Amino acid sequence: MAARRLTSWTRRLALGLFGLILLAALGVWLVLRASLAQVDGRQAATLLAAPVTIARDDAGVPLMRGSSRLDLAYATGFVHAQERFFQMDLLRRTAGGELAELFGPRALPLDRARRLHRFRARAAQALASLPPADRAFIDRYVAGVNQGLGALGARPFEYLLTGAAPRPWRAEDSLLAVWAMFIDLQGNQEPRELARGWLRAHSDDAQLAFLLPQASSWDAPLDGGAVFKDAPVPAPAPAWWGGAPAPKASLAMRERGDMVGSNNYAIAGSRSASGAAIVSDDMHLGLQLPNIWYRLALTYPDGQGGQRRLVGVTLPGAPPLVIAGSNGKVAWGFTNSYGDYLDLVEVGFERARPGQVRTPQGWEPLAQHVETIAVKGLPAERLVVRESSLGPLREAGGKTYAIHWVAHEPGALNLHHLRLEEAATLDAALSIAALDGIPAQNFVAGDAAGNIGWTVAGRLPRRVAGAEIGASTASYPILAAGAAPSWNGLLAPGDYPRIVNPPDGQLSTANSRTLLGPGSELLGDGGFDLGARSSQLRDRLRMLGPRTDAAAAFAVALDDRALFITGWRQRALAVLDEASLRDQPRRAAFRRLLETSWSGRADVDSVGYRLARDFMWALHDLLFAGVDAQLAALDPKATMALANPRWPALLARLLDEQPAGWLPPGRRSWREVQLAAVDRVLDEFEREGVALEKATWGARNTAAFAHPISLAAPLLRPWLAVPPDRLAGDAHMPRVAGPKFGQSERMTVSPGREEEGLYNMPGGQSGHPLSPYFLHGHADWVRGRPLPLLPGAARHTLTLAPAP
1 MAARRLTSWT RRLALGLFGL ILLAALGVWL VLRASLAQVD GRQAATLLAA
51 PVTIARDDAG VPLMRGSSRL DLAYATGFVH AQERFFQMDL LRRTAGGELA
101 ELFGPRALPL DRARRLHRFR ARAAQALASL PPADRAFIDR YVAGVNQGLG
151 ALGARPFEYL LTGAAPRPWR AEDSLLAVWA MFIDLQGNQE PRELARGWLR
201 AHSDDAQLAF LLPQASSWDA PLDGGAVFKD APVPAPAPAW WGGAPAPKAS
251 LAMRERGDMV GSNNYAIAGS RSASGAAIVS DDMHLGLQLP NIWYRLALTY
301 PDGQGGQRRL VGVTLPGAPP LVIAGSNGKV AWGFTNSYGD YLDLVEVGFE
351 RARPGQVRTP QGWEPLAQHV ETIAVKGLPA ERLVVRESSL GPLREAGGKT
401 YAIHWVAHEP GALNLHHLRL EEAATLDAAL SIAALDGIPA QNFVAGDAAG
451 NIGWTVAGRL PRRVAGAEIG ASTASYPILA AGAAPSWNGL LAPGDYPRIV
501 NPPDGQLSTA NSRTLLGPGS ELLGDGGFDL GARSSQLRDR LRMLGPRTDA
551 AAAFAVALDD RALFITGWRQ RALAVLDEAS LRDQPRRAAF RRLLETSWSG
601 RADVDSVGYR LARDFMWALH DLLFAGVDAQ LAALDPKATM ALANPRWPAL
651 LARLLDEQPA GWLPPGRRSW REVQLAAVDR VLDEFEREGV ALEKATWGAR
701 NTAAFAHPIS LAAPLLRPWL AVPPDRLAGD AHMPRVAGPK FGQSERMTVS
751 PGREEEGLYN MPGGQSGHPL SPYFLHGHAD WVRGRPLPLL PGAARHTLTL
801 APAP
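Residue numbers (my numbering): 1 to 804.
Simulated from the structure, these hints should not be mistaken for laboratory data.
Predicted model only: the values in this text are computed from it and were never measured.
Here a beta-carbon is modelled for each residue, glycine too, at the ideal position from N, C-alpha and C.
Errors might be hidden in some of the hints.
With a cut-off of at most 27 Å between alpha-carbon atoms, the simulated DSS-like pairs for lysine-lysine come out as follows [as the list claims (entries may be wrong)]: (1) Lys637 / Lys399; (2) Lys740 / Lys694; (3) Lys740 / Lys637.
Pairwise CB distance ranges, derived in the manner of DEER restraints [what the hints assert, rightly or not]: (4) Pro802 / Pro723: 35 to 45 Å; (5) Ser599 / Ala273: 22 to 32 Å; (6) Thr46 / Ala154: 16 to 26 Å; (7) Asp230 / Ala660: 14 to 24 Å; (8) Pro714 / Gly661: 42 to 52 Å; (9) Ala551 / Ser669: 44 to 54 Å; (10) Asp583 / Glu657: 25 to 35 Å; (11) Ala273 / Pro502: 15 to 25 Å; (12) Ala551 / Ala154: 42 to 52 Å; (13) Glu595 / Leu383: 50 to 60 Å.
Given the sequences, and given the hints that come with them, work out the whole structure.
In structure tokens, the structure reads:
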């Protein structure tokens, strides 16, 4: 009897416990669902002049209709906050140096680096200088953001996991979101200059000219400039050359070393089936969930009795502008320009001059600002920022430098991008681009009449005499005893370079040199890409023929032909001759797979592609890993690949010319170096327990990006990450793809023919894992299947109506 009672109570206890778990799970699920965006119904909204309808299609892409652009700015803020507020919060905190408040002391190193720039204080100054209409535009967006946040049934789920409360949005925060893009797109220029400065200090002039060439045979400049001649290989190598690499292959470096990019291109009406220009854009960025871009379409009166329709992508948190897209008359897109927009200028101090700093212009007062960094779970940290007239000061390698960066200039940020939405012609769009307050970008545009053009969008520095391409002041630290900074103030918009309607009816950029002739000195070199992707993109466009359409143009961004890696495969095959294979079964298997598992593409099933690529990177390790270890002492990001993104061309020259004076220590021939690289790849696979036959490119190039909150809640990562899809494509080809880097969107459109426009992107419209829009369309991005650019039929409609 007692036993039966005990069993009965045990069952009741177990059932009760199970019930409590179910109730707790249900409670969590209900709270999480309460933070989903509202997609139907009606919301009373302050500051609206007239109702705005937000009609979402089955992918969650909204078409917003309003009576004015200001009302649509409000509605965009409402939608951004409901779908993406945490993403917005991270952007403002990244630029403002405020991540430790959310994530604790582990974020302090990043916050300290960001606080150096005092972007929040600069944002307040920039807001004060905006024209009243532009300030009203931002304020209207801010009001929409805060209402959207407040209208959620619960705070965004990320704050439930961190235990924090979301801060209201402020006008300064929207400018901080733009500065976050300056950091993302130009943040490597500091470590690049430090690396180049170290190389200059440890190499003679002839060695430096060979190690850091200004261009390569891969370049595809838009101006058809003369082919740059390589510097001769000097007889002796520097003393540091070929220092001992780490015993293990630097796989992490291979992850980051050659992932740069974006592609944009335009096809003139003379080559399109419709007679209108075709513009394509795929911006390559670090990938996470949700995607950085939020796609939408806007419709409002154009002031002339008609309706203006905009379609494209916005950046949640930034002022609610269509970053890349079409206004019905002009379409535009961007790639990072990689010009030189930052100087590191050495400064000095003397005990006899307290409170002063010596710059190349002489002695001046030293300003000091106290920044207070809030830290979750700990007392706030006090940081003193020292600043000169050239910029804030940082230390590296025992020296102190002023960071002289365009991002610090008054006028570097503005809302001139908004004028693009009204541009009716290519010429008008190019003029607006030169005034745009964004990180300097290659701007490619086309209009409905078939005209195409290129310029740089974003404020460019005004170069001073002696800062020409390749001059020591332009891309190396400026020493105290040397020249003045390479630029002073901002370039006049009328002096910006342009290329309009080239004879071949096409324009394309891909982060390499755009100019080799006049105008190149205006940009400088801030780390131009090698140019292999750019030349492949240009040549692929030439294959389209005279009467092409949007579908054919879109497909160019999916070109994964391994033209660049083919050369490295051929070198590996050449060195793996009969003598090298004797009594070497591993090398024999390497050669066999290079021959048989090769399709000429970076396809997911190819072993040969991965082996050829790893062979190139193993050579990199053998020659550069030693110097990289020394550069890392200056800055963790400083590497030879950053100092010279054209390093593969340098390696190719060494293998072709085989100069004995450049053999790394302990190597008797370049043949021995190449065989050591093959063996290094094989050793790595053995350490990882990977059978060579299974070492496909897809096994290495597997999607691995997730929602950033998964770092704080790793147990939830399966619900916060993309599927581990194998990805075709790689660096140095149009279809750039890596586990956490790649094409953040693909867009092709002819202005005035937006119904034919095509689009896809990684992830979906929403940042909430319970939303049906969290990953909607992601599989199409993986497979390269284009979707319509315009939103489809409305499935849900929300109306924002003026409050009584």
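Hints, verified against the model:
{"no.": "1", "hint": "Lys637 / Lys399", "result": "holds (18 Å)"}
{"no.": "2", "hint": "Lys740 / Lys694", "result": "holds (22 Å)"}
{"no.": "3", "hint": "Lys740 / Lys637", "result": "holds (18 Å)"}
{"no.": "4", "hint": "Pro802 / Pro723: 35 to 45 Å", "result": "holds (43 Å)"}
{"no.": "5", "hint": "Ser599 / Ala273: 22 to 32 Å", "result": "holds (31 Å)"}
{"no.": "6", "hint": "Thr46 / Ala154: 16 to 26 Å", "result": "holds (22 Å)"}
{"no.": "7", "hint": "Asp230 / Ala660: 14 to 24 Å", "result": "holds (19 Å)"}
{"no.": "8", "hint": "Pro714 / Gly661: 42 to 52 Å", "result": "holds (51 Å)"}
{"no.": "9", "hint": "Ala551 / Ser669: 44 to 54 Å", "result": "holds (51 Å)"}
{"no.": "10", "hint": "Asp583 / Glu657: 25 to 35 Å", "result": "holds (31 Å)"}
{"no.": "11", "hint": "Ala273 / Pro502: 15 to 25 Å", "result": "holds (20 Å)"}
{"no.": "12", "hint": "Ala551 / Ala154: 42 to 52 Å", "result": "holds (43 Å)"}
{"no.": "13", "hint": "Glu595 / Leu383: 50 to 60 Å", "result": "holds (58 Å)"}
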